[in-house]
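Listed below, chain by chain, are the residues.
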Amino acid sequence: MFLPLALLLFTIFVILPIGEAGYYSLFRWNGYGEPSKWVEFSNYVRLFKHGAFDTAVWNTFKIILVSLVIQLPLALIIALSIYKKSWTNSLFRLIFFLPYILAEVAAGLIWRFVFDGDYGVIARFTEALNTDTWYLLADKNWAFVAILVVLVWKYFGFHMMIYIAALQGVPKDLIEASKLDGASRFQAIWYVKIPLIMSGITISIFFSILGALQTFDLIMPLTGGGPSNSTHTLVSYLYTFGITRMNVGFGSAVGVVLFICCVIFAFTYQSTIMKDKK
Amino acid sequence: MFAMRKIRWGKYIFLMLVAGFVLVPMFATVLGGFKSLGELRTNPFGLPDVWEFEYYAQVFADGSIWLLMKNSLIIAFFSVLLTLIIGTMTAFTFSHIKFAGYKYIYNYFLIGMMFPAAAAILPLFLKIRDLGLLDSLSGVVIPQVAFGLGFSILLFRSFFEQLPSELFDAARVDGCSYIKFYWHVILPLSTPILATVGVFVLVASWNNYLLPLLVLNTEQQYPWTLGIMQYRGEYGIEWNRILAYVTVTITPAIVFFLFAQKYIVEGLTGGAVKG
Numbered sequence: 004m005f006l007p008l009a010l011l012l013f014t015i016f017v018i019l020p021i022g023e024a025g026y027y028s029l030f031r032w033n034g035y036g037e038p039s040k041w042v043e044f045s046n047y048v049r050l051f052k053h054g055a056f057d058t059a060v061w062n063t064f065k066i067i068l069v070s071l072v073i074q075l076p077l078a079l080i081i082a083l084s085i086y087k088k089s090w091t092n093s094l095f096r097l098i099f100f101l102p103y104i105l106a107e108v109a110a111g112l113i114w115r116f117v118f119d120g121d122y123g124v125i126a127r128f129t130e131a132l133n134t135d136t137w138y139l140l141a142d143k144n145w146a147f148v149a150i151l152v153v154l155v156w157k158y159f160g161f162h163m164m165i166y167i168a169a170l171q172g173v174p175k176d177l178i179e180a181s182k183l184d185g186a187s188r189f190q191a192i193w194y195v196k197i198p199l200i201m202s203g204i205t206i207s208i209f210f211s212i213l214g215a216l217q218t219f220d221l222i223m224p225l226t227g228g229g230p231s232n233s234t235h236t237l238v239s240y241l242y243t244f245g246i247t248r249m250n251v252g253f254g255s256a257v258g259v260v261l262f263i264c265c266v267i268f269a270f271t272y273q274s275t276i277m278k279d280k281k
Numbered sequence: 089m090f091a092m093r094k095i096r097w098g099k100y101i102f103l104m105l106v107a108g109f110v111l112v113p114m115f116a117t118v119l120g121g122f123k124s125l126g127e128l129r130t131n132p133f134g135l136p137d138v139w140e141f142e143y144y145a146q147v148f149a150d151g152s153i154w155l156l157m158k159n160s161l162i163i164a165f166f167s168v169l170l171t172l173i174i175g176t177m178t179a180f181t182f183s184h185i186k187f188a189g190y191k192y193i194y195n196y197f198l199i200g201m202m203f204p205a206a207a208a209i210l211p212l213f214l215k216i217r218d219l220g221l222l223d224s225l226s227g228v229v230i231p232q233v234a235f236g237l238g239f240s241i242l243l244f245r246s247f248f249e250q251l252p253s254e255l256f257d258a259a260r261v262d263g264c265s266y267i268k269f270y271w272h273v274i275l276p277l278s279t280p281i282l283a284t285v286g287v288f289v290l291v292a293s294w295n296n297y298l299l300p301l302l303v304l305n306t307e308q309q310y311p312w313t314l315g316i317m318q319y320r321g322e323y324g325i326e327w328n329r330i331l332a333y334v335t336v337t338i339t340p341a342i343v344f345f346l347f348a349q350k351y352i353v354e355g356l357t358g359g360a361v362k363g
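These protein sequences, in sequence, are chains Y and V.
Throughout the first sequence, residue numbering follows my numbering, covering 4 to 281 in sequence.
Throughout the second sequence, residue numbering follows my numbering, covering 89 to 363 in sequence.
Careful, some of the hints might be misleading.
Covered stretches of chain V (in silico footprint by chain Y; criterion: 3 or more residues with CB under 8 Å from a CB of chain Y, positions within the stretch not fixed) [as the list claims (entries may be wrong)]:
| # | stretch |
| --- | --- |
| 1 | 155-165 |
| 2 | 225-235 |
| 3 | 291-297 |
| 4 | 324-330 |
Footprint (simulated), chain Y over chain V, 3 or more residues, beta carbon under 8 Å [claimed, not checked]:
| # | stretch |
| --- | --- |
| 5 | 137-143 |
| 6 | 243-252 |
Everything labelled a hint here was simulated from the structure, so no lab data went into it.
A virtual CB, placed ideally from N, CA and C, is assigned to each residue, including glycine.
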């Protein structure tokens, strides 16, 4: 029935390209005709020697770090304070979830305005302090920090919703019981609520890391990877150096590295941390 | 008691601060479209002193905005439709017809869920080109459907397996064919999961940027995500025009969110969690 069609689509557009990426990554090829210039692993060597690639890897790592250390705790604190059902809480939930449904390109443009040295929030400060205008997104040292702020803004609401759904599933009598036993608010959160929503937390960590590895859409409207390639992520690096220049071999090598990172992470995470879930 | 009240106030101040962090950029965007450039410079976040309507008017007068929205809508509509049809049919096969090796085939689909779409984007691009789908809306729709299959099959299958098996037995006794059973029994019972998957695919497709960027070359085919970046390229730092344009283009998503909140939250978080 429909199985062969689904299999065909899936194989052609999802599975096959991954294999081909591995194959093409051993050639120097512009995508026309047959790939013929076999260069062994020189694409990979070039990649690992490229300073901009190091920066991209390091930036991707920073996104993961900020997600785990700032974004998820923030989402959890907010979820704990507004998970109970009331109209004010619903309103806050609505507001906090709003950035998540915006397209990354739109969100990026909004923040590009906010960070603009002539118009936005930075301009207010430099005027107040009477200093020179400061183009934050063009500042090598600070541009990526700005991107991290936008990432937290965009995605914390999503993780908050996961935690809220989990918290609403925690039986009320357990919390009551802990109160009767003399647990403080903090103890009730730490020893009762958090252990009970652990599965929600493991899932949200999983998504924030896989998402971090694939960040692209937000980078383009904010900085496009600049200034001087200081704000690339793995995918924006792939786009800039592989796709726009049609370096099929080189771009595929980046893709293979990205793929390996994702697969290694997903498999180890699922077999160690998420295994007791199934 | 006093301490409790303090905590409560602290909590609300904290929540208001975060809400401000979320909302101020959005309000600034909406209001920015009503300001002249000079005013935008001196007063980026407050209400405009003089309301200028020409920037919004020009966004609409341009006309291309409708074409962009139409293209995005067509892509999203067919992505949702095809994902739902192919996804439910395939999941139905997995949950009701046991054949040799079906487990392997099922797992094959699940593995695909972990593949980052961006990793194989160059070979995918070449494939789309070689199939002659470059610069056509179906060149965006078909890969989107293919990438949505893994998780939609997973969600549909786990939903179908929870339906009581007596239903199927009863239908078989009554001489109901697989197709009829699927159409008259399974689908009507599956509206919640259809909504979940549908919303997930819809939002992902509406906001997609990388794939259309790769596949589409002519402006007549552009979805709004490409249009917005092009508009920004055209008007550079005339931020009032750009903010007006951003406001207009994100309005459909926000209106949709306000009306279908429940389904969207369930679709985006539930889809992710169960998937």
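Against the structure, the hints come out as follows:
1. 155-165: Violated - the stretch 155-165 of chain V has 0 residues with a Cβ nearer than 8 Å to chain Y, which falls short of three.
2. 225-235: holds (count 5)
3. 291-297: The restraint on the stretch 291-297 of chain V holds, since 4 of its residues have a Cβ under 8 Å from chain Y and three suffice.
4. 324-330: Check passed, 3 qualifying residues.
5. 137-143: violated (count 0)
6. 243-252: violated (count 0)
In summary, the structure is inconsistent with hints 1, 5 and 6 from the numbered list given earlier, while agreeing with the others.
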